[in-house]
Amino acid sequence: MVTVTINGQQYQVPEDVTILEACRMNNIDLPTFCYDDDLKLAGSCRMCVVESPGRPLLIAACVTPVFDGLTIETESPAVIRARKTILELLIARHKMECHVCEKNGDCRLQDYCYRYGVAESRFTDGGMLHFPIEDPNPFIERDYDKCIMCTRCVRACEEITVAQAIGVKDRGHHAQISTAFNGKLEDSPCVFCGQCVMVCPVGALTSKVSAAYHGRPSDVDKRVLTTCSYCGTGCTLELNVKDNKVVGVTSNRDENFSPVNKGALCVKGRFGWDFINSSDRLTTPLIKENGEFRPASWEEALNFAAQGLKKIKEEKGADSIAVFTSARITNEENYLAQKLARAALGTNNVDHCARL
Amino acid sequence: MAQEMHIVLKNRDKINPLDINDYLAAGGYQSLVKARGMAQEEVIEEVKNSGLRGRGGAGFNTGLKWSFSYNIKSDEKYVICNADEGEPGTYKDRIIFESDPHIVLEGMAICGHAIGSKKGYIYCRGEYPQVVDLLKKAISQAKEKGVLGDFDIEVRMGAGAYVCGEESALIESILGQRGEPRFKPPFPPVSGLNWKPSIVNNVETFANIPAIIHKGAQWFTGIGAKSYPGTKLLSLTGDVKNRVCIEVPTDTTIRDVIFHFGGGMRNNGQFKAVQIGGTSGGFIPESLLDTPIDFDSMRKIGATLGTGAVFVMDQSRDIVDVVTRISKFFEHESCGKCNPCREGVFRCHEIMKKINKGLATEEDLEKIQLLCLVMEQTCLCGCGQAAPSPILTTLKHFQEEYEQKLLPA
Ligand SMILES: Cc1cc2nc3c(=O)[nH]c(=O)nc-3n(C[C@H](O)[C@H](O)[C@H](O)COP(=O)(O)O)c2cc1C
Ligand code: SF4
Ligand code: SF4
Ligand code: SF4
Ligand code: FES
Chain A
1 MVTVTINGQQ YQVPEDVTIL EACRMNNIDL PTFCYDDDLK LAGSCRMCVV
51 ESPGRPLLIA ACVTPVFDGL TIETESPAVI RARKTILELL IARHKMECHV
101 CEKNGDCRLQ DYCYRYGVAE SRFTDGGMLH FPIEDPNPFI ERDYDKCIMC
151 TRCVRACEEI TVAQAIGVKD RGHHAQISTA FNGKLEDSPC VFCGQCVMVC
201 PVGALTSKVS AAYHGRPSDV DKRVLTTCSY CGTGCTLELN VKDNKVVGVT
251 SNRDENFSPV NKGALCVKGR FGWDFINSSD RLTTPLIKEN GEFRPASWEE
301 ALNFAAQGLK KIKEEKGADS IAVFTSARIT NEENYLAQKL ARAALGTNNV
351 DHCARL
Chain B
357 MAQEMHIVLK NRDKINPLDI NDYLAAGGYQ SLVKARGMAQ EEVIEEVKNS
407 GLRGRGGAGF NTGLKWSFSY NIKSDEKYVI CNADEGEPGT YKDRIIFESD
457 PHIVLEGMAI CGHAIGSKKG YIYCRGEYPQ VVDLLKKAIS QAKEKGVLGD
507 FDIEVRMGAG AYVCGEESAL IESILGQRGE PRFKPPFPPV SGLNWKPSIV
557 NNVETFANIP AIIHKGAQWF TGIGAKSYPG TKLLSLTGDV KNRVCIEVPT
607 DTTIRDVIFH FGGGMRNNGQ FKAVQIGGTS GGFIPESLLD TPIDFDSMRK
657 IGATLGTGAV FVMDQSRDIV DVVTRISKFF EHESCGKCNP CREGVFRCHE
707 IMKKINKGLA TEEDLEKIQL LCLVMEQTCL CGCGQAAPSP ILTTLKHFQE
757 EYEQKLLPA
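These protein sequences, in sequence, are chains A and B.
For the first sequence, my numbering begins at 1 and goes up steadily by one.
For the second sequence, my numbering begins at 357 and goes up steadily by one.
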């Protein structure tokens, strides 16, 4: 343990933590854009800067280790001046369309501008910058006129999904998040997992499936923590519910709530939920008669299937039946399916789609 | 009258740089032999005690830097020569290589022995293809002669990014990554190329090593300024008569540099200002010309020695216009990694253009000053931290030139 002085108060902290961690352990909040618990450090947004008396430069708390005797101020006039100026620089290039932004209410840029009372920017000489991008993919809206270049998306793509679909192109104020050769996501190694959307602290990356003004993540009625039904992995996700309708999926990155996936999802879990409210969705079993489907009760349908299987078994033998199960069901359900095949139907013809 | 003193350039115009035999005949590689006969700690102590400080701009004690890498156990360590020479107006590293490439190779090999490294890289400015060829020849001659022993040196070429002269961006560039600086700590001597201990030193720094090993630390400390001993190569440009590269003891004054070695102003011009250390250096007015050029004296007057570029301006020069051009350089060269630099240099350039066009007000001066102060304090690397220096120092020393261009209140 080492002793550090933060805002005039002494604290004992482990010697191998950063200044940011030391502050968080003691409930001292520092603003951060580029820092992410699960990603490699960047130290690039400079929002987390703190002042240490006697040092001419401010220190980026997220990448600087503590040491015994360290003294810092986290909201000194110099620190506040720096953060305000950085915020002014960022909003000078930001498409401020909060009223129609999916991230309204859940946006770091808004939060920090509010915290430091930054209403508008003085650094507007040179005008707005524009980073137009055409990307007609069905899942991810990329609007780099709202990007603050924190590179969390790049790191999430590389470190969580290991897709390396995106990186930074060009330099200086022309720098922009881009796929190789600035192409479409579809033509890149992108798997549309949406981890980039998950980590984006502002509205630069949002879900096209949730969009269209149906309920942005910050003003839904409730978030229902549940398990994704697409496969047996069992990822946790949150159904965003508004007016008793699912209007989006977000994920919970807290290990305690999301032990399997820590918030990471795949394209199906994150974007493939709009069938829930689809009018084409089957809500009862159907039985085909004379080439036409008609609705039936579960009991009738199950009896119908059982009769059919029984008949085949009697006429052609049990081995003329095969059971093929889906990766959408759990291991336990798969166990029951093979039990049904072997014990009830009497065949060893059992297989599973994940084996292909 | 002050005189040049040649330690680094001792063989300039005396030997054929393309013939290693010339270098050997002039006593070349004897220091390496001597160093290899010494314990590693001894070599490091000698360099440390000489007081040699990095000639690439930051002025860190070279021996101390080496000791950090030496002290770490690692299967691989690297010696990297920073020959990016990207600071506009600086051409002294090119002169060193073109005069005497082996003196640098020898310095690197001595460093290799001292820290326990078998692999060296020279990162050479992309605009110097002829130097790359020359270095490759020199290295192959040294290998043929066997003078480097098992120390290998490879040349890597930059691609024109100023920020790749910053040591950690340089390392990223060698690795084939985007040329962006890393946050520090860890510093390269602890964790650099391939995250292994790596010494990055400037060409001129390495070129001082053979003489220090040969003649000893004490000899070196007796030359020039106490806290920054030895000589410094300076590249003179601008409105000065002799636009040449000189090597002078570090206690030489700026006045002597310009009016003695530089031969005074060209075309009988009147001195107005000098910018030392490259584009990121501060502007110095007439009243401060008696300052010695050493690192600490320069720092005391709010300027920098930097790379030793000396850009002289006469009365015909429009300071605001010059600074506007300089701010364009930074706007172009920012790597874009950190917020205050990426956005800051762009807005600085825009505000400078506005001032230069006569469209600015007092408010704009306040605004640019605020932006510059924040950039100095918060930028991730030396590029963004130093970019405001020309603006801030001219606002201080040549304020009236700015005032004259403001819109009438
Ligand atoms: C933007 C930037 C550009 C730099 N360019 C160079 C360069 O071209 N050559 C150089 O030797 N050092 C350059 N440096 C300094 C290096 O980061 C590093 O401090 C130096 O190479 C260390 O060597 P030294 O201790 O021998 O000076 C630059 C630093 C910054 C911040
Ligand atoms: S959706 Fe997934 S794979 Fe595609 S860019 Fe985002 S993080 Fe990378
Ligand atoms: S798109 Fe979002 S996550 Fe990616 S760099 Fe921009 S602001 Fe950061
Ligand atoms: S200060 Fe400028 S050059 Fe350095 S890391 Fe930041 S953006 Fe890049
Ligand atoms: S959070 Fe520390 S630099 Fe971005």
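Source of the hints: derived by calculation from the structure; they are not laboratory data.
Each hint should be verified, as a subset may be incorrect.
Only pairs whose alpha carbons sit at most 30 Å apart, straight line, appear in this in silico DSBU-like list of lysine-lysine [what the hints assert, rightly or not]:
1) Lys169/A to Lys710/B
2) Lys713/B to Lys95/A
3) Lys429/B to Lys40/A
4) Lys95/A to Lys709/B
5) Lys169/A to Lys429/B
6) Lys540/B to Lys475/B
7) Lys84/A to Lys710/B
Going through the numbered hints above, which ones does this structure break? Give me the numbers in ascending order. Hint 5 alone not satisfied by this model.
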